[in-house]
Amino acid sequence: MKERLSAGVPQEEPKPKRPTPMTRQERRSKMVMTTEAALDIPITRRLGIVTAEAVVGMNIIKDMMQEVRDLVGGRSKTQQSAMRDIKEELFDRLRDDAARLNADMVVGVDLRFSDFGSRGNAILATAIGTAVQVQKGLTSESRNNPPQ
Numbered sequence: 001m002k003e004r005l006s007a008g009v010p011q012e013e014p015k016p017k018r019p020t021p022m023t024r025q026e027r028r029s030k031m032v033m034t035t036e037a038a039l040d041i042p043i044t045r046r047l048g049i050v051t052a053e054a055v056v057g058m059n060i061i062k063d064m065m066q067e068v069r070d071l072v073g074g075r076s077k078t079q080q081s082a083m084r085d086i087k088e089e090l091f092d093r094l095r096d097d098a099a100r101l102n103a104d105m106v107v108g109v110d111l112r113f114s115d116f117g118s119r120g121n122a123i124l125a126t127a128i129g130t131a132v133q134v135q136k137g138l139t140s141e142s143r144n145n146p147p148q
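With the UniProt record's numbering, the residue at position 14 of the sequence shown is 14, and numbering never jumps.
I should point out that these hints are in silico values taken from the structure, not numbers from a laboratory. Model, not experiment: these values are computed from the prediction. Mixed in with the good hints, there may be bad ones.
When the alpha-carbon atoms are kept at most 20 Å apart in a straight line, the in silico EDC-like pairs for lysine to aspartate or glutamate are as follows [as the list claims (entries may be wrong)]:
#: 1; residue 1: Lys136; residue 2: Asp40
#: 2; residue 1: Lys87; residue 2: Asp97
#: 3; residue 1: Lys87; residue 2: Glu53
Distance ranges between label pairs, derived from CB positions [stated by the list, open to error]:
#: 4; residue 1: Lys136; residue 2: Met83; range: 35 to 45 Å
#: 5; residue 1: Arg45; residue 2: Asn121; range: 22 to 32 Å
#: 6; residue 1: Glu53; residue 2: Gln135; range: 25 to 35 Å
We put the CB at the ideal spot given by N, CA and C, even for glycine.
Please take these sequences and the hints and turn them into a complete structure.
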């Protein structure tokens with residue numbers, strides 16, 4: 001517990017306020033990018049690394065494969081949808097962690113999938129990125145449509 005002195009009397013440091021949980025719309029306004037160098041986004045501060053992990057049992061994937069009989073071009077729509085859902089969950093977690101750091105966006109995101117478990121019966125999905133603050137006055141609309 002940190003203390004500070006005020007007129008020679010020790011006082012407890014005020015606890016930092018936790019940000020209120022974001023709505024889904026607010027979370028979606030936080031950008032998640034795989035690069036930071038390609039766009040002219042004025043990053044003013046790098047706040048730290050944010051990560052997200054998810055372990056998905058292979059039985060879920062196998063069950064989805066059995067349910068799907070219509071394969072389009074050798075691809076299972078159900079599997080693709082499940083993978084998209086997993087990625088969105090990871091991105092949402094990155095956005096939440098970034099919001100706790102008062103970041104404006106997450107850049108340099110790397111997304112990986114690997115076998116997990118003793119018999120390869122699960123998939124480990126991980127996402128890692130850098131939470132950053134950008135120049136004030138840069139709206140979410142202008143972030144989504146950077147100058148050419």
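Evaluated hints:
1. Lys136 with Asp40: holds (14 Å)
2. Lys87 with Asp97: This hinted pair holds, its Cα atoms lying about 15 Å apart.
3. Lys87 with Glu53: holds (10 Å)
4. Lys136 with Met83: 35 to 45 Å: holds (36 Å)
5. Arg45 with Asn121: 22 to 32 Å: Since the Cβ atoms of Arg45 and Asn121 sit about 42 Å apart, the hinted range of 22 to 32 Å is violated.
6. Glu53 with Gln135: 25 to 35 Å: holds (31 Å)
The earlier numbered hint that this structure contradicts is number 5, and it is the only one.
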